[in-house]
Amino acid sequence: MEEKKLDVKSIIGFVLIFGILLFMMWQNQPSPEEIAAEEKAKQEQIEADKKAKEAAANDNTKVTTADDFSNETLGDSLQQIANQNKFGAFAYGAGLNSEDVTVNNGVLDLTFSKRGGHLSEVKLNKFVDFDSIPIYLVKDNNASFNINFGTTDSRILNTKDLPFQSNVTKNGENTLVSMKLKVSETKFLEYLYVIKPNDYMIDFTIKSQGLSNVINGSQDINLNWEQTSKRHDQSISYENRYTRLTYQHDGGNIDKLSQSGEDEETVEDLDWLSFRQHFFSSILVADKPLKSVMLTSKDLVEEETIDTLFTKTFGAKTTLALQGNELNQNFGLFYGPTDSTVLKPYDKNLEESIPLGWGLFGWINEYLFIPLFGFLSSFLPFGIAIIVMTVLIKLAMSFVQYKQYLSQMKMKILKPELDAIREKHKNNKMKAQQETMALQNKAGASPMAGCLPALIQMPVFYALFMFFPTAFALRQKKFLWADDLSSYDIIAKLPFDIPIYGDHISLFPILAAIAIFFYMKMTTGQQQMSAPQQEGMPDMAKMMKYMIYFAPIMMMVFFNKYASGLSLYYFISNLISIGILIVIKNFILDEDKIHAKIQEQKAKPKKESKFQKKMKEMMEQAEQQKQAQKRNKK
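So for the sequence shown, the UniProt record's numbering puts the first residue at 1; every next one is plus one.
Think of the hints as simulated: they come from the structure by calculation, not from any bench.
Please read all numbers here as calculations on a predicted model, not as lab measurements.
Careful: at least some of the hints might be erroneous.
[Stated by the list, open to error] Simulated crosslink set (DSSO-like; lysine-lysine; CA at most 27 Å straight-line):
hint : residue 1 : residue 2
1    : LYS123    : LYS187
2    : LYS521    : LYS585
3    : LYS298    : LYS196
4    : LYS160    : LYS114
5    : LYS139    : LYS114
6    : LYS123    : LYS298
7    : LYS291    : LYS348
8    : LYS123    : LYS291
9    : LYS477    : LYS394
10   : LYS477    : LYS521
11   : LYS348    : LYS288
12   : LYS477    : LYS493
13   : LYS196    : LYS344
14   : LYS317    : LYS348
Could you put together the complete structure from these sequences and hints?
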């Protein structure tokens, strides 16, 4: 390899350059007069700064000196460079003054954050939680509203991290809050909120102006809304049972994510979604159906004994479409009570987010029980309204109880004859069944006649089971020893937690269990006397005996954590059932008259229906096949 050496020409060049630099420094040095003037100016500046600082100390006022000004200017310059690197084109807004905005419309206290432009606090002014603390649906960063987008300079930005400029104006009675993410005074992304007096619904618009050269339209513009539901009820497990993400899609279909664990669903053509947390909801309503939305739910409650502050975390993610290279999307934001009387006037079907039961059960609640209870509670105390409604329902269903008891009495009267038939044909079960059906048909008595009335009561039973835990009107309404009819009552606090039962004793479930016990005691005796014993079947008497004790215990245990209003209903309902049964047994039905009527019906020729004929033919064919199989075996 060739060795590189420093030649004579290079040495001469370096010497000449060094000499020229020395000559220029000597030539440009200040004269003695200039040095003296500069020293004098510095001394005068030092004296002026000293006097200014002394005056500032005396006046308690900050004065910026020449050195300070230089430092602040340097700091501002560095901050501008940092903002430019972080925010790109939106660094313009970082240098502008802005502040959070607070608005009160009577029912809501709203705070809009200058960072992110969305709601950082939502307080419901008319409500408090079980511990008398104001209800906040949004607070302490439990909610996030973010638009994620790409820019033409290859950045990925999130609005939740960017500085917005606020502006509040009035339009009649409405308050307009504008939060702008600015590129310049004429180019920006805007969140516009229209807040109406005493209204839980906020009109919300997302729009852009002049950003076609800033936002990269070839990349997805994602909107992501997340919220963690705060605890507001006495029992977090009870509240969590009714905390659920509900949504409407495909022109009116209502669906929900899972009640427990983690769930995820991608939904097409979504009209609205509700982050429901039992008695309060945060709802996003789309002006036009959103084409595709990914919904998520995560259950945060593991054990009720742990003092958990949150129930579930909900999320919704969708893509916003550009219109003419700009954003323009309208929404409604509802923050308020999960109350049908509040939600229904919006005419968006939002009341369907309340879990009143599916199909027939929901209709019974919506068109019967809710209006009835609303009418009664308008002039009666809420506990008395429950009692009166229970009385009305039981009286309306008393004919069902009458039919059920009449059927049991008929079966009791026929029992000796039915037992004789089974004994006579104990080796031919098919023949015994045919004669049993024939006798029941002639007498007008059937086991099914007792089952059908019970089935008729089931929709009412289940509808009320869904109504009381979700009735917002019952929330924090007192009755007797119950402080809140929408939650459990407490007569004693236990020093330990019993699995399933809880750490307290509720009296209404105990009273309901006692009433159920006596009602079953009365009806089970009648059923035991009327129920024929069949060979190979379990001892029905023993089963019924166990049920007399098992059902009340189940009531007392499982309803210990349920709404006291529901337990009050069951208590009154069973008391009324006992009263109706006593009246029917002692004053309406006469066993001798029923027996005489049965004998009269048996004597009359009874025309078989097509169904009965078909059943008879099928039973005869089955018997013939059975006999044929026996002959073939021989």
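Verification of the supplied hints:
Taking the CA atoms of LYS123 and LYS187, the gap is about 33 Å. The hint is violated against a cut of 27 Å. Restraint check: the Cα-Cα separation between LYS521 and LYS585 comes to about 14 Å, which is no more than 27 Å; the hinted pair holds. Proximity of LYS298 to LYS196 is assessed by CA-CA distance (about 33 Å); at most 27 Å being required, the pair is judged violated. Among the hinted pairs, LYS160 with LYS114 is consistent with the structure: their alpha-carbon atoms are about 10 Å apart, no more than 27 Å.
Taken as a hint, the LYS139 and LYS114 pair is honoured in the structure, with Cα atoms around 15 Å apart against an allowance of 27 Å. Taken as a hint, the LYS123 and LYS298 pair is honoured in the structure, with Cα atoms around 24 Å apart against an allowance of 27 Å. At roughly 18 Å between alpha-carbon atoms, LYS291 and LYS348 fall within 27 Å of each other, so this suggested pair holds. For the proposed pair LYS123 and LYS291, the alpha carbon gap of about 31 Å is over 27 Å, so the pair is violated.
In summary, the hint linking LYS477 to LYS394 is supported, as the alpha carbons are separated by about 24 Å, within the 27 Å threshold. At roughly 34 Å between alpha-carbon atoms, LYS477 and LYS521 are farther apart than 27 Å, so this suggested pair is violated. Between LYS348 and LYS288 the CA atoms are separated by roughly 12 Å; this keeps the pair inside 27 Å, and the hint holds. Distance check on the hinted pair: LYS477 and LYS493 sit about 21 Å apart at the alpha-carbon level, within 27 Å; holds.
A hinted pair counts as satisfied when its Cα atoms are at most 27 Å apart, and LYS196 with LYS344 qualifies at roughly 17 Å. The straight-line distance between the Cα atoms of LYS317 and LYS348 is roughly 21 Å, inside the 27 Å bound, and the hint therefore holds.
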